[in-house]
Amino acid sequence: MEFLETGTTERIRALEFLNSEPRRIPKFWLTWDRESLEGLQAPNTQLSEVQLPNAYLVNANFQEAVLQKANLQGANLQGANLQRAALLKANLQGADLEGANFQETILVQANLRGANLPGANLKGKLLLGTVFQGANLKGANFQEATLPDDFRGANLREADFQGANLLGANLLGANLLGANLLGANLNNGFYSDKTTSKDVCQRLSIDYPCATLFPEGFDPKAAGMKLIKNRKDIPKK
Numbered sequence: 001m002e003f004l005e006t007g008t009t010e011r012i013r014a015l016e017f018l019n020s021e022p023r024r025i026p027k028f029w030l031t032w033d034r035e036s037l038e039g040l041q042a043p044n045t046q047l048s049e050v051q052l053p054n055a056y057l058v059n060a061n062f063q064e065a066v067l068q069k070a071n072l073q074g075a076n077l078q079g080a081n082l083q084r085a086a087l088l089k090a091n092l093q094g095a096d097l098e099g100a101n102f103q104e105t106i107l108v109q110a111n112l113r114g115a116n117l118p119g120a121n122l123k124g125k126l127l128l129g130t131v132f133q134g135a136n137l138k139g140a141n142f143q144e145a146t147l148p149d150d151f152r153g154a155n156l157r158e159a160d161f162q163g164a165n166l167l168g169a170n171l172l173g174a175n176l177l178g179a180n181l182l183g184a185n186l187n188n189g190f191y192s193d194k195t196t197s198k199d200v201c202q203r204l205s206i207d208y209p210c211a212t213l214f215p216e217g218f219d220p221k222a223a224g225m226k227l228i229k230n231r232k233d234i235p236k237k
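If you count the sequence shown from 1, position 70 lands on 70 in our numbering, and the numbers rise without skipping.
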């Protein structure tokens, strides 16, 4: 789908209209089906604060697009090209990003709660403030990345964290089985085990029991991590 050659405001409104649900118009009912935005071509486009929740954006091209504070909650972005796109403070909660291209993408302070990113290449990324709580990051590459502090309940199975900075990260209930933690900085990070109380799990919105699952032979205490067992152990921010 080629993108409209119009001004920034008109472009955003056009996309939002195509993605909109049926709605009531004064004096009569006007309904339409949500349009597919598959293959949308929007490189180098200013789309700050665009509202595209649940949009079908498979194989869309957002290369070098500005999507700051964009609402893409629940969107299907499988195979999307996000190379060098700016997603600062973007809402990608529950979005499907399988196969998306994250090369040089800016993801600072983005919301990726419950998002699907298996095999994502996030090598060397600055991801400060980004929330991955409950996200599927199986097989993702975080080598040498500077990471956020919230991975509660995330699926990080077989993820590559070699040399990554996980200083102070919250890994309660995270699945790190088969993950590569060689050279990763986990100092002052938090984890849970089978002794962690149900109250703690519920307070942190993690299903009980919520033990953190580590790679075989990994010793979280030796890595400088702190065990959270009871409510009093939960760090205050």
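For the record, the hints were derived by calculation from the structure and aren't laboratory data. Do not take every clue at face value.
Straight-line alpha carbon distances no greater than 30 Å define the calculated BS3-like cross-link-like pairs of lysine-lysine that follow [said to hold, decoys possible]:
| id | residue 1 | residue 2 |
| --- | --- | --- |
| 1 | Lys-123 | Lys-221 |
| 2 | Lys-221 | Lys-232 |
| 3 | Lys-194 | Lys-229 |
| 4 | Lys-236 | Lys-69 |
| 5 | Lys-123 | Lys-69 |
| 6 | Lys-232 | Lys-123 |
| 7 | Lys-198 | Lys-138 |
| 8 | Lys-236 | Lys-198 |
| 9 | Lys-138 | Lys-221 |
| 10 | Lys-232 | Lys-198 |
Owing to the predicted nature of the structure, the values given are computational and were not obtained by experimental measurement.
Assess, step by step, whether the Cα of Lys-232 is no farther than 30 Å from the Cα of Lys-123, and give holds or violated. Between Lys-232 and Lys-123 the Cα gap is close to 35 Å, so the pair fails against 30 Å, i.e. violated.
Hinted pair Lys-221 and Lys-232, Cα distance within 30 Å: 19 Å, holds
Are the Cα positions of Lys-236 and Lys-198 separated by 30 Å at most? 19 Å, holds
Run the distance test for Lys-232 versus Lys-198: straight-line Cα separation, threshold 30 Å. Holds: Lys-232 and Lys-198 sit about 13 Å apart, inside 30 Å.
Just to be careful, I want the Cα atoms of Lys-123 and Lys-69 compared with a cutoff of 30 Å; is the pair within it? 23 Å, holds
Holds or violated: Lys-194 to Lys-229, with C-alpha atoms at most 30 Å apart: 9 Å, holds
Within 30 Å, alpha carbon to alpha carbon, are Lys-138 and Lys-221? 24 Å, holds
Does Lys-221 lie within 30 Å of Lys-123 when you go C-alpha to C-alpha? Holds, because 26 Å separates the two Cα atoms, which is no more than 30 Å.
CA of Lys-198 to CA of Lys-138, is that 30 Å or under? 26 Å, holds
Between the alpha carbons of Lys-236 and Lys-69, is the straight-line distance 30 Å or under? Since the Cα atoms of Lys-236 and Lys-69 sit roughly 27 Å apart, the hinted pair holds (cutoff 30 Å).
Checked against the numbered hints above, the structure violates only hint 6.
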